[in-house]
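**Student:** Here the structure of chain A is known, so what remains is to put chain B in place on it, guided by the hints.
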Amino acid sequence: MLLAQVEQVQVPDLDFPAIAPILIVLGAACVSVLFEAFLPRSARWAAQFGLSVLTLVGAGAALLAYLGDAPATGVTTLAGALAVDKPALFLWATLLILGLGSVFLMADRRVEPGGAFAADAAIRPGTIQDRAQATTVMQTEVFPLALFSLGGMMVFTASNDLLTMFIALEVLSLPLYLMCGLARRRRLISQEAAVKYFLLGAFASAFFLYGLALLYGYAGSIKLSAIAAAAGGSDRSDTLLFAGIGLLVVGLLFKAAVGPFHTWSPDVYQGAPTPVTAFMGACTKVAAFGGILRVFSVAFEATSWEWRGVLWGVAIVSMLIGAILGLTQTDIKRMVAYSSVAHAGFLLIGSIALTDEGRAATLFYLLTYGFTTLSVFAVISLVRDANGEATQISSWAGLAKRSPVVAGIFTVLLLALAGIPFTSGFVGKFVVFSAALADGMAPLVVIALLASAVAAFFYLRIIVLMYMREPEEDGPTVSLPGVPTTITIALGVAVTILLGVFPSAVLDWSVVGAFVS
Amino acid sequence: MLILIAAHFLVAALLPAVAARWGRAAFVVATLPPAAALVTAVSWSATVLNGAPPTESLSWAPTIGLDLTLRLDPLALLMIVLVSGVGALVFVYYAAYTPPEGIGRHSALLVVFAGSMFGLVTADDVFSLYVFWEFTTVCSFLLVGGLGLTRAARRSATQALLVTGFGGLAMLLGLILLGTAAGTFRISAIVAYPPSGAVVEVAVVLLLVGALTKSAQVPFHPWLPAAMVAPTPVSAYLHAAAMVKAGVYLVARFAPGFADLPAWWIPLVVLGSWTMVLGGVRALREHDLKKLLAFGTVSQLGFLIVLLGVGEHVAAVAGATMVLAHGLFKSALFLAVGVIDKRTGTRDVRELSGLGARWPAFTGFVVLAAASMAGAPPLLGFVGKEAAFEALLGEPFVLAVLVLGSALTVAYSLRFLIGAFGSKPGVSLVDSEKPGAVLAGPVVIPALAGLVLAFAPGVVEPVIAGYASAYPVAEPYGLALWHGFTVPLLLSAVVLGGGYLVHRFATGHPGRLPEALHAQTGYDRVVMALDSVARGVTGRLQAGSVPVYLGVILVVAVVVPGAGLLAGLTPLPRTQWFDSWLQVPLAVAVLVAAGLAVLARRRLTAVLVTGVIGYGIAALFLVDGGPDLALAQFLVESLTLVVFVFVLRRMPTRFTEERRPLTEGRWVKAVVACVAGTFVAVLAVLFSANRDGLPEASVEYIQRAKEDAGASNVVNAIIVDFRAFDTVGEIAVLAVAATGAASLILASQRARRKADR
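Top to bottom, those sequences are chains A and B. Residue numbers for the first sequence follow the numbering used here, so the first one is 19 and each next one is one higher. Residue numbers for the second sequence follow the numbering used here, so the first one is 6 and each next one is one higher.
Excised from the complex, chain A in its bound form:
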């Protein structure tokens, strides 16, 4: 009998070329931990930075190599736990490039002398030891953390069952919680942000898990396709299904910082070290919406009539919260946080369109938004005064007179966030809104346009402030960025303008068709 059982145990099919990018990223994350343990302190920064860049480039290369002979409809692998299809590959590519940009920001040691991260985050803020570490080099643990998180995000966007999705969610979240608390300056607020993010994130995970359990109770399976099949044709009680969807979606919307589940994001965006904020703002958004798209399209499409109304409401609330509350912000990082809440509302509109156009539009929007956000935070990290970053909006007055280049770049980025033509933001909004219109969501698009008009006002306020005011005497200066930050900013601005003027190539690529399940 034992023999018979041994024969029954089968190793699931592994499509190595398909999942090579994930394996590379997660494998390198483990190697990175070993680096941290065994390399001398002086050698770590170079080794970790090199490894991270190499990993992301290598994973990108593996992705490109696979892209050549990938089956058109995609494959499922790992016993159906992962679905590697066109949308997943697009999201992976987006994540890898944005991740690379974030790693460059994290590695910069010139903007903040010694790096943006504390040398020893465990020391209590304000003590003698803490003051002593102010001038030492940063710790490099942030690199393995970022790699783990990125690996989690990649799995999250490709997971084909809810349990894989949950584990990926935790793998991507736990490192982020930690990374938020690593700031070198203003450590108390950074640690507060980390704790808040962790506590609220734990609640969101609990919601997700509860929803998962209910859906399992409903469908008898955690596979997205099985849930879809169960919902499509059965006389089972819908109570479990809808309660499950509701709770699951709360967890997902929390990660994507869609209002009214956004409450953590302004505090965390403000407190976290700016490179980490950039990473969160760009990559987490991509991963969360990638997951939302997949769950909605694959598992819940048959029931879309029932839940769509609720998500209309959520999208409206999110856009209004983001646009209106953004008006009163006095801190630039908080302002960008609220702007991201408004953008999450726009993205949600694209996500619930559930058409090929809607998917393509959302993917394109994610790509453009990610690059713009990354560069926005990179520029924010450059404007500094004696206490570190000068995030008070009022202190940005007259920046154009001190540093026309930085002000010009920031203007382009803000215009992209506002969705002005000839920036990527306009094309993104345009494709999302037209997909929504085609799917019969005209009222939602009206509100979205109103919200973007209101939101444009606070982007504009900063432009006016930078160009039309005289700089203050003791105002902030723009520090010279190191090479890594420069690369990220240049990349972000180039993509923002290029995709605004010549969007065709990427638009073609973003038409990915359906998910495989």
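Hints in this document: simulated from the structure, not taken from any laboratory. Bear in mind the structure is a predicted one, so any value in this text is a computation, not a measurement. Beta carbons are placed, not taken as given, at the ideal position from N, Cα and C, and that holds for glycine. All clues stand as given, with none of them false.
Okay, the calculated bits of chain A under chain B, using three or more residues with CB under 8 Å as the criterion:
hint, segment
1, 231-240
2, 256-264
3, 269-283
4, 474-483
**Tutor:** Chain B alone, transformed into the frame defined by chain A:
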């Protein structure tokens, strides 16, 4: 045409460098692109009028159907004459007018604006139209704001941008809805084969919001007078001749397709007439010559909107003629105000006196322009107004309002002339040198054009008729100064006479408008309300407190699915409260412990009480016959307690030193917590009632437990037999984690010992 637009932007890019090197000469260079545009457009006029409008197209993003398509038809040609012709004049004028600073910025922006305006009037697809539309908005913002040195400039610029930007977005939505309904985004195709349906009505209203904001119609008009803080040539070009005409242009462009819809003509006629009268009344109250003209522009734009909006052949002829006439006389008048301002240093009618006697020739030309505005013969304004009265003879009510508005126009034209050039008793005569040829020329040319074209309407008539041919022709109408003794002629006489009387009356009774009638207050209130709502909500919800954040999430999670469940009216299953008497004291103990845990002030007490909850639950498992579960729960609880005690050693004994008062906020939190808890409990009951039998896996496990594993407890069989590999894995993970935790504790102890030594 694409090359012309590109040339505008290219020249604009070079202008700052030119200005830095050669100063004022930059404006001469700036004249080149609009002049070239004018010449090219006029040279194509034969093709245009033959009914074969030249079209150019550039593919931008074919995937999503974004193209840049330009088309030169009679309406576009008419607008180009205004936009590029007046533009070239204004640039020449600006060279003499400008102060030395800011030349590069202003010239570049003005050329960008001229190029955008050219693109706007030739655009034949909705996206190019929108893009150029917003370009003009942004240029206006930057030109009005200037260098942003004064609060008034910043405020006015922002208001202009907000109002017109809002309108632009509404227009975009309207255009997209129209395009979706029509199945094409080509404007010429949409107008030729207009779609119909409820969506189209909405789309048309949205489109009109764009037109009405841009053309400063009631209730959006206050931005235009406020924008008069801009330099006078900018006002002459943007806020009289070109940009504010964009709204009128939009109406003219779409009217042939949609003028039959009530949603189209009712708002246009009502708001246009209202604006015409209101603008006229306000113009009679202003002392600043520029503001007077600005309200005059508001009034005239209302007139144009009515004419072009009604969608009828003669009205279209009148409207197109008036667009041209207005562009000519208003730019001449604005530029004249600029001359007066520059030479005398003031444009207040109470301080100017005797200019007419000192500058007789210049005054003569300005009188020509003002008379054209008043609609006096023999000028183009008169020709247009005659046509307008003729067109609206069948609509007595609208006609009456227009006659009233025209009388007001005569009145403020008189007020302008007398205020600027007349001699007033008690005011010292202004003594200044005469304007030079470069300053006066751009005033003289459009003023003269108004006179010449009135005698030779044949020059422009083909273009105007080309536009008006979009409507069915009942009887042909020829533009002329003399149609014989007709009703319109009588009306013109009434207007001129009435206008004189109104002017007499108004100068005798200077009064003020009640505050409530100022639409500016409305704008201020909207902006302030938005700000205060944002502040209030932020202060309440984004307080930085984790309980509040959690509360928001919980409330949403309760309300949304809760409402869904209630709406679905899932019946509560029949439940019995307890199975065994033992459960009652246990449940009570758990509840009491939960309450104590919240109220406890010592950390250790709270932890212990939490432990009681866990043990209570474990006991409930035991009662239900799950000793294995209960055992696991006991173990976990004990372990958690130990870990807690380890940590608590290093923390203060109490949560807070003082006993916290029971404030309202804490009650709210308590209520939210209780509601959320109860909700989850109810859900649990609902869900367990809604399960359909046992899942397949369970059935199979239960079947096979006895025969395959020889076990009477299924759970045991699953753990040690069916899923033995999983169990081994779990044990391994636990072991690794425990080793790690233990080594951490040991390591820190060793470190402390070292430090103690």
